[in-house]
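Colleague: Sequence:
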Amino acid sequence: MKLINLMTTLILASLALTPLCAQELTKSSVEEMIEKLDEAASDMDVATISSLIHPGASITMNITINGKAQSMRVTKAQYIQLLEQGMKATTSYDHEVSQVEITVKGNKAFASMRVTERMEINNEEKVGKSIENLTIELIGGKLVITGIVAFTSL
Numbered sequence: 044m045k046l047i048n049l050m051t052t053l054i055l056a057s058l059a060l061t062p063l064c065a066q067e068l069t070k071s072s073v074e075e076m077i078e079k080l081d082e083a084a085s086d087m088d089v090a091t092i093s094s095l096i097h098p099g100a101s102i103t104m105n106i107t108i109n110g111k112a113q114s115m116r117v118t119k120a121q122y123i124q125l126l127e128q129g130m131k132a133t134t135s136y137d138h139e140v141s142q143v144e145i146t147v148k149g150n151k152a153f154a155s156m157r158v159t160e161r162m163e164i165n166n167e168e169k170v171g172k173s174i175e176n177l178t179i180e181l182i183g184g185k186l187v188i189t190g191i192v193a194f195t196s197l
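Residue numbers (my numbering): 44 to 197.
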């Protein structure tokens, strides 16, 4: 009987504390998420980047290299694999985010930003400039990226 009372107390306590741990979808919370994403990118921390993306996220990459445009839709797993491959090939990496604009509409937030990436691959410096558009939602009490549309020029 004492065990049942103890378990009931623990369950009620965890339910009472759940709202304290849950995130909210506000402009401020989205700004914090983008800062975390920016830090993870600068640190080449693919695990943290992955944790911020929903498993079913819609990801579209529009890339222009030497004037040739290519568009591709990838899954989260494919996107993370591409990030890992890119980070392994890079001997130095610098990342700058600017012109961040955030709009919260109902149960979604939309963030648009410019990203400049500088990296060294095979002793050659590469510079990529992107416009990235993110859709962010509150799912299971956690902010996650549910959509990425990126336009990148190399």
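No lab work stands behind these hints, which were simulated from the structure alone. Here the structure is a predicted model, which means the values were calculated and not measured. Incorrect hints may appear among the rest.
Lysine to aspartate or glutamate pairs mimicking EDC-like chemistry, simulated, CA-CA at most 20 Å apart [as the list claims (entries may be wrong)]:
hint, residue 1, residue 2
1, Lys172, Glu82
2, Lys70, Glu160
3, Lys172, Glu78
4, Lys172, Asp81
5, Lys79, Glu168
6, Lys148, Glu180
7, Lys70, Asp137
8, Lys148, Glu127
9, Lys172, Glu144
10, Lys79, Glu163
11, Lys148, Glu75
12, Lys79, Glu139
13, Lys169, Asp137
14, Lys185, Glu67
15, Lys70, Asp88
Colleague: Now look at each hint and say whether the structure bears it out.
Modeller: Each hint, compared with the structure:
Among the hinted pairs, Lys172 with Glu82 is consistent with the structure: their alpha-carbon atoms are about 18 Å apart, no more than 20 Å. Under the criterion of a C-alpha separation no larger than 20 Å, the hint pairing Lys70 with Glu160 is inconsistent with the structure, at around 25 Å. Pair hint Lys172 plus Glu78 holds up; C-alpha atoms about 18 Å apart against a cutoff of 20 Å. Distance restraint check for Lys172 and Asp81: the Cα-Cα separation of roughly 15 Å lies within the 20 Å cut-off, and the hinted pair is therefore satisfied.
Taking the CA atoms of Lys79 and Glu168, the gap is near 26 Å; set against the 20 Å cutoff, the hint is violated. At most 20 Å may separate the alpha-carbon atoms for a hinted pair to count; Lys148 and Glu180 meet this at roughly 10 Å. Proximity of Lys70 to Asp137 is assessed by CA-CA distance (about 26 Å); at most 20 Å being required, the pair is judged violated. Of the supplied pair hints, the one linking Lys148 and Glu127 is violated, its CA atoms being roughly 33 Å apart against a limit of 20 Å.
Our distance criterion of 20 Å between C-alpha atoms is met by Lys172 and Glu144, whose separation comes to about 17 Å. With a C-alpha separation of about 24 Å, the suggested pair Lys79 and Glu163 falls outside the 20 Å cut-off, and the hint is violated. At roughly 18 Å between alpha-carbon atoms, Lys148 and Glu75 fall within 20 Å of each other, so this suggested pair holds. The suggested pairing of Lys79 with Glu139 holds, with an alpha-carbon distance near 13 Å, which does not exceed 20 Å.
Among the hinted pairs, Lys169 with Asp137 is consistent with the structure: their alpha-carbon atoms are about 11 Å apart, no more than 20 Å. Of the pairs offered as hints, the one joining Lys185 and Glu67 holds, with about 8 Å between alpha carbons and a cut-off of 20 Å not exceeded. Restraint check for Lys70 and Asp88: not satisfied, since their Cα atoms lie roughly 24 Å apart, outside the 20 Å limit.
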